[in-house]
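J.: So the protein lines, in turn, are chains L and E. Position one of the first sequence corresponds to residue 1 (my numbering), numbered consecutively onward. Position one of the second sequence corresponds to residue 1001 (my numbering), numbered consecutively onward.
It is possible that part of the hints are untrue.
[What the hints assert, rightly or not] In the BS3-like style, the derived pairs of lysine-lysine whose C-alpha atoms are separated by at most 25 Å in a straight line are: (1) E:Lys-1296 <-> E:Lys-1279; (2) E:Lys-1234 <-> E:Lys-1247; (3) E:Lys-1056 <-> L:Lys-72; (4) E:Lys-1142 <-> E:Lys-1056; (5) L:Lys-72 <-> E:Lys-1142; (6) E:Lys-1279 <-> E:Lys-1254.
[Stated by the list, open to error] Short derived list, chain L residues pointing at chain E, Cβ under 7 Å: (7) Ile-9; (8) Arg-58; (9) Lys-92; (10) Thr-95; (11) Trp-99; (12) Val-114; (13) Gln-170; (14) Arg-176.
Think of the hints as simulated: they come from the structure by calculation, not from any bench. From the three backbone atoms N, C-alpha and C, an ideal C-beta is built for every residue, glycine too.
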Amino acid sequence: MTIEIEQGIDDGVLHARMILQYRIEGFLADEAALLDTHDYDNWVALFTEDAHYFMPIRRTMLRRELSEEFTKPGEIAYFDETRESLRLRAIKFNTGAAWAEDPPSRTRHMITNVRVLADDGFELSVESYFHLYRTRLKSEVDSWVGRRVDRLRRAGDSFQIADRVIYLDQTVLLSRNLSNLF
Amino acid sequence: MTATARLTDIIERSVSLEQGEIDRRIFSDPDIFELEMDLIFGRSWLFLCHESQIPKRGDFVEAPMGRDNVLVVRQRDGSIKALLNTCSHRGNAVCRAEQGNVRNFMCTYHGWTYDLDGALIGVPGRAQFYGDDLDVTKHPLKSVAQLDTYEGFVFATFDASAPPLYDFLGTTGRLGLDLLALQGDMEAVPGVQKFVIDANWKFAVDNLFDFYHPQITHMSAMMAWLGGVTVGKKNKDENGARTSDGKDLAIDWKPQDLSNLVVLGEYGHAIAGPPVELKPDFPGLDRSFVYSQPYKERLGRVGARVAGNANIFPTAWISPTTTQISLRIPRSATQTEIWWLSFADRNMSAEERKVLVRLQNQSFGPAGMLEQEDGENWAQSTMQTHGHASRTVPQLLKMGTGRGKINTDDGLRWIEASTNEHGQLWTYASWKQWMLGWDWNELYDHTTPGDYI
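Excised from the complex, chain E in its bound form (with noise of 0.2 Å):
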């Protein structure tokens, strides 16, 4: 078998809707990650930034888009664009800060200097050393091909022919950046977090929709929280957890645990979790606007109960509840970038944007609450797809397959359930479609969603 023809047998045969499996080796694979370069980061719309990160002209953050890293400018003009942060001499980065603001970028190799929109400005000895031979206007910065913004998140792609970004969102994706957009006049509070995880970039996407596991990965910091015994007491599943010396792990399934809503879109954006009228309040923050009249006309009758939470396939995590967006970056097959960028409304009290940040600070990142143990696992997980053994297991994902009846209102296809598997299920299946390398209609086509999952 060809190595090519070899890629597109596990392609094909990675992602089985009707039972609910994975092929582990689509997690470690070298050959897998290089087509998604390609096929995926290569043509996807990926969000870079917010625009209040880059308010004043010169002002530049980096951001990945795949392994490419791209600095997003904003413009004399007021508008932005994002370069290929390489040299178009000798591909050196042209700036090595991960923010700021500048005049213009220098090479610091032989000082090749390019102006905010990426034309070539200055070039030491261009006329004594190249004979004013050199075109400089044939060798800017490369621009992304194609940047919109949608609520003020800036998005680009490096695929000429994808749809516009209003398309691409389609309603699950407009819906997704929504639920965060809508809860105020957004801003960006700076810092992001960074950080890398020994893992595959698609175990990190799909915990995102997986509400199975905080009772178990997180039952620590509910314990810390909430309060209450959990290791020990009775368990009231007949066959549920147990630890290693024999004691039960109590889980009270919560009604959000069985009410999930879930929403599902073209080109593999999906949303799910407990509705809104099931979330519970947090302390000192305001969430009233979710009742309020504007906000579900604009979203809908079942928009507006959706809170999240979303992933803009392929990376991008809507948190609505922390006002946070996190970028699961990939890095190498086995390697993943983790950023949390975080929001705030600008005319929210002083003392409610403590109270956010201090959430913001505390449930995510590294050292979050909640994000240490995640990490743990997604190494783990993609540790053991290594195995010659171990990767033939397929990876399960079979909770409410095939009963996932799929609902059609204002655009959004959506499911009323129990905890899910149905989000993680579709970002896969989506997955496959990408990495089967259709052009823009067919993935569309191939990646609307049925009446059943």
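The shape of chain L in the complex, shown without the other chains (with noise of 0.2 Å):
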């Protein structure tokens, strides 16, 4: 197999593409910044009042059975969140008594292999992998590693995500809570 390179694009259609790229990318970038500056109002209102995100449960499966690796909507996830759920997180985080997170988590989350999987010209979906690295306390660490598709909804020159599916690398999580989002 290769992976073919589409040949003879229109400079003008490349040139759409690629200010396309980079606004996603910025979007994710700055959308991730606001994470890791536990700035989660501004985070929230990212997401469309519809919104769905979801973390589904993965599970060590057989290669012939693995259409079963992930749990679906409407079965057991570690995030099953509405915009209005994501925002009563944020309350939670900003009372002054959200023991886990403080003192606060230190977290970077790198967004990379941004891809567009599809555009409507309305909404676009979007797949990214990601490594959140986190450290605690004096020594605690943790990392997830994984892919994210997002349907982001267009809003003027930037977006909104209207729904987000977060696949971990993991099946058994190997830390001890999840007081970080993705």
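Relying on the hints, combine the two individually framed chains into one complex.
T.: See the structure below:
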């Protein structure tokens, strides 16, 4: 197999794609910065009213049954949020009594491999890889790596997140909690 | 002092029912942990799964029994067997998926193949290399000693001399499971949350009875869910909690804090928490079954007022409110794997099921609005037991000590009191009896509650 590179693309089309890619990557980097600076109110504002934020359970399955690797919406998940429940999480962090984040975790969201999977003019399906690195207290280190698929809705020159599915690469989570967002 | 004498000495003095004090060494001493594997997890009935997780022939899930991993397998005749996931030949796991459907289990080391019931049915080169003198009937996958179900919940034990599951559960354990099972025609919702906490398993167990901690530990979740300002509001307690910068943390004790129902059972089972009539309704979930006549008749006058939380000793937490079971699985003295299994009534409306699954997904588990904070508490409590001086400070369970009058009705031993630590203390007192290595009859006698705790 070879990776096919499109031939003979019109320069105008290519420029439009580059600008779109630039805007999406900028949006995702800005979003990550909000999480890493614990600016949860502004982060929640990036989601549409009807947004769904979902981190399914991943299971170690045999190759022939890999289609059942992830749970689906309506089943058990690590995160299964609406914009309203994300807002409640932001409130929780801001109460001054969210002890698992006080002292706060030190986090770094690295977002890479951004690919536009589909674009209907209204919404885009965008895949990205992430590495969320966290240290907490004196000696706790966590590292979560995975893939996100976002449905980004155009909002002027920027976007809103209408749907995010977070596919973590761990099955049994090797950390004491997920007090951070992805 | 010999190593055994040292352990016996620690265990005998580890739990004081009179003082409400626990020796912190039992939370990180590796020798104590080894003994727990032998005397508790090697003998007790342990929760494996729910029947609905393996509906079809050849369906299996892997489940923990202490540090052992067993494959719980639906047989061709519809029965269930639990087999150690270790090849009789060289010990490799015969299955490395956590669930699925198979015709048989083949070890990927040399190809030894086992039937669903564990029988060794395939040995490559059996005639050529073994000269046919390998007796395959002698080398099946090792099975658990006993397996049984109660209301669809599957349990097993490695001890052939353990009493039947029904008797092991007793009135308290059966009530604990009934609180979930009788909510309808229950089935497992697909997906088990699994995560690892660097904490001793007993901290995770004792917390489920603890209705003293939510107001502080989960203050932020309560404020987000219920609204209201807590930090900085004048505290009603004269000497209550204050933040590091001197602000009061106002806690309004609610009726459910002032009246808790506690049930203590043989072998260490226990239930503690607010009674049914003081549990707040959850919007969108129909809880009227707890007032129905068949439910009340089945559970009895006291039992029908109990709302949880229950622990089937040693580690199966029944959460009736969220219809979930959480396992606190010991991996080492200082590492515990937490599993959350969720259930729903098959006859529930799609709308109500959606509300319930959201509640299950958002409350507990590693990202749960509540459980985020718990892991940090238990991890820090465990870490401090390593300190040479810190470990000499006793763990305190003094709330209501000696004041818990135990009533007996319908075979249930129960206490009604304001928020207390009776459930936790009973768990540790029973833990101590398990660790003294009594036979089953003696253990029953030594874990039968008296008139007071």
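J.: To test your reading of the hints: which numbers does this structure violate?
T.: 5, 7, 8, 12 and 13
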